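K.L.:
Sequence order for the protein chains is S and D. Just add 162 to the spot in the first sequence (first one is 1) and you have my numbering. Just add 1310 to the spot in the second sequence (first one is 1) and you have my numbering.
Keep in mind that the hints were calculated from the coordinates and are not lab data. Since we're looking at a predicted model, the values are computed, not measured. Hints should not be assumed to be uniformly reliable.
[Claimed, not checked] If the Cβ cut is set under 7 Å, some of the chain D residues that face chain S in the computed set are: (1) E1604; (2) I1607; (3) G1612; (4) K1614; (5) P1661; (6) A1693.
All C-beta atoms, glycine included, are put in the ideal place defined by N, C-alpha and C.
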Amino acid sequence: MSEVMISMSKIEKTYKLGDNIVHALDHIDLTIEEGAFVSIVGPSGSGKSTLMNMMGCLDKPDAGEYTLGGSHIDRLKDRDLAEIRNRKIGFIFQNFNLLGKLTAVENVEMPLLYRGVKAKIRRTRALECLKLVGLEDRATHLPNQLSGGQQQRVAIARALAGEPQILLADEPTGALDSKTSEDIMKLLTTLNNSGRTIVLITHDLNVARKAKRTVSIRDGRLQEGEHI
Amino acid sequence: MNLFTSIKMAARNIQGNKMRSFLTMLGIIIGVSSVIALLAIGQGSSKSVADSVNSLGTNLITVNITNTDTHFTMDNLKEVKQATGVKSVAPVLSGRSTLRNGSTTSQVSVTGTTSSYLSIRQLTVKQGRFVSSLDNKFRQKVVVLGSDLATTLFENESPIDKKVLIDGESYLVVGVLNSKGGSMGSSSDDAAFLPFSTAQRLIGTTYITQFYAQAESQDSVNWAMAGISRVLSQTYSDSDDYSVVNQQDVMEAMSSVSSTMTMLLAGIAGISLLVGGIGIMNIMLVSVTERTREIGIRKAIGAKRKDIMLQFLIEAAVLSMLGGLCGVGIGVLAAKIYALAVGGTIVYSLPIMAAAFLFSAVVGIVFGVFPAYKASKLNPIEALRME
Chain S
163 MSEVMISMSK IEKTYKLGDN IVHALDHIDL TIEEGAFVSI VGPSGSGKST
213 LMNMMGCLDK PDAGEYTLGG SHIDRLKDRD LAEIRNRKIG FIFQNFNLLG
263 KLTAVENVEM PLLYRGVKAK IRRTRALECL KLVGLEDRAT HLPNQLSGGQ
313 QQRVAIARAL AGEPQILLAD EPTGALDSKT SEDIMKLLTT LNNSGRTIVL
363 ITHDLNVARK AKRTVSIRDG RLQEGEHI
Chain D
1311 MNLFTSIKMA ARNIQGNKMR SFLTMLGIII GVSSVIALLA IGQGSSKSVA
1361 DSVNSLGTNL ITVNITNTDT HFTMDNLKEV KQATGVKSVA PVLSGRSTLR
1411 NGSTTSQVSV TGTTSSYLSI RQLTVKQGRF VSSLDNKFRQ KVVVLGSDLA
1461 TTLFENESPI DKKVLIDGES YLVVGVLNSK GGSMGSSSDD AAFLPFSTAQ
1511 RLIGTTYITQ FYAQAESQDS VNWAMAGISR VLSQTYSDSD DYSVVNQQDV
1561 MEAMSSVSST MTMLLAGIAG ISLLVGGIGI MNIMLVSVTE RTREIGIRKA
1611 IGAKRKDIML QFLIEAAVLS MLGGLCGVGI GVLAAKIYAL AVGGTIVYSL
1661 PIMAAAFLFS AVVGIVFGVF PAYKASKLNP IEALRME
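Bound conformation, chain S alone:
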């Protein structure tokens, strides 16, 4: 039995939309082990983005307990959450979210920059990560000089650079064509096979099936398996 990476119990989150109270997350219980490859599927508005933000420590739950790699997230302050995001989580976004004015390698360096790592070590580590995603020859290109697939791979390299305990991918193939999507999914599978914990959020079942375990979410409630 491997160690527990993510443990959520009775997580609740409500929003006020005018007079309506929306239960974005309704008593979520979820446990993810180290080395797992979990996909979370659900239609839009199902609460999967809120769940993702919660896991990524961008948002705090209204109630419930959340432990990530042994730290109690629900009790931490903003600056500690930033620290957790920096050290424990690697984000991969649908629209890549690279900084347009920085080159590929500078983008990859960024998590290390905020950790205060020295420039030389930063550069070496960033180039290693670019090599891992097969883009070492594109290090000095700006994001707009790269194709969508390449940009997403730079984003994955950036997520890997900080050596996080978990990779959070929010619709990583949403903005890519099917051929490139497949490449990205292969890359994620390879990364998982080398021991990295990956949580993937998508509405695309074909993508979700590449993961070892699928969880579906609907109206803020979780269910094991595909239920769409």
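Let chain S serve as the given structure and place chain D on it in line with the hints.
P.N.:
Same frame as chain S, but now just chain D:
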């Protein structure tokens, strides 16, 4: 994240938006350069006034007698010389006369005085000698010429032992003075000096309306002034009948005028610096809105509020300091151009340059705080959702 990396990042952002950055800096550039140029010119003119006043000697006391009913004579002057702290005195009898050598004529001021005038006014003789006490005693018709006047009348010839006509009467030139430069309208370079007794006859006045006194040292100027006033009060009951002024008083009056002007100009320039700061704040606020998404990404990756705050603050500071630096350069250049074009004196003051530069940096930081605070407060989830 360390400071150096932050500064490098800020420099890149500024470089990436050259035109906008330049326009933002313009306010600061104009502010700093006008502070520096105006103060350089203002201080230069105060200095040139101070120099010309000082060149008369700081021990100099000028006494004017305005009462024309009770005449002040050489006997009174001898009493003044006995006063404590007074080293020497020289009467001044001035008028304007026409000097003539052959066909060359010149209308100049003529001063009748005694031999002590030379040292009191700190003049020096180039050729020949100054008027002596013997000249005075025997009412000799001799004249000493200022350097410009000598050149006007005699060109390259030596005027010594030549004759000049003053108002039609013949005088022997016994000396020529060294050039001293002008001071407030009365230049000793373009004047003629006669023995006091000779001048009394020429000008047709027997009494003294003005005399110079020299204090023994700079420290005894006030003593000497008090002594002179005491002597004068024995002759004149009303203190409005005479005035006793030292060079310090003259200088203070002059410099208070010019320093008021300087402060006024600097104040206006300072206001333009403030306006420049508001310009920076404006652009930084726009920049925060434009870069909301970037801020979201940075926060998601692990930037703390402090990091974001610092990034925008440093950008504002770098922008204003760069503007300040350009302003110092342009200000120095502008003052130089003024000096070349108008020929005035300018004084660069390093403390003022440093202060203007530092002020621009402070303006950048102060006006950068609000936008930086706004940026650091952004919610990463909402910031990431922005397109």
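K.L.:
Against each hint, give a clear statement of whether it holds in the structure.
P.N.:
Now for the hints, and whether the structure bears them out:
{"no.": "1", "hint": "E1604", "verdict": "holds (6 Å)"}
{"no.": "2", "hint": "I1607", "verdict": "holds (5 Å)"}
{"no.": "3", "hint": "G1612", "verdict": "holds (2 Å)"}
{"no.": "4", "hint": "K1614", "verdict": "holds (4 Å)"}
{"no.": "5", "hint": "P1661", "verdict": "violated (37 Å)"}
{"no.": "6", "hint": "A1693", "verdict": "violated (10 Å)"}
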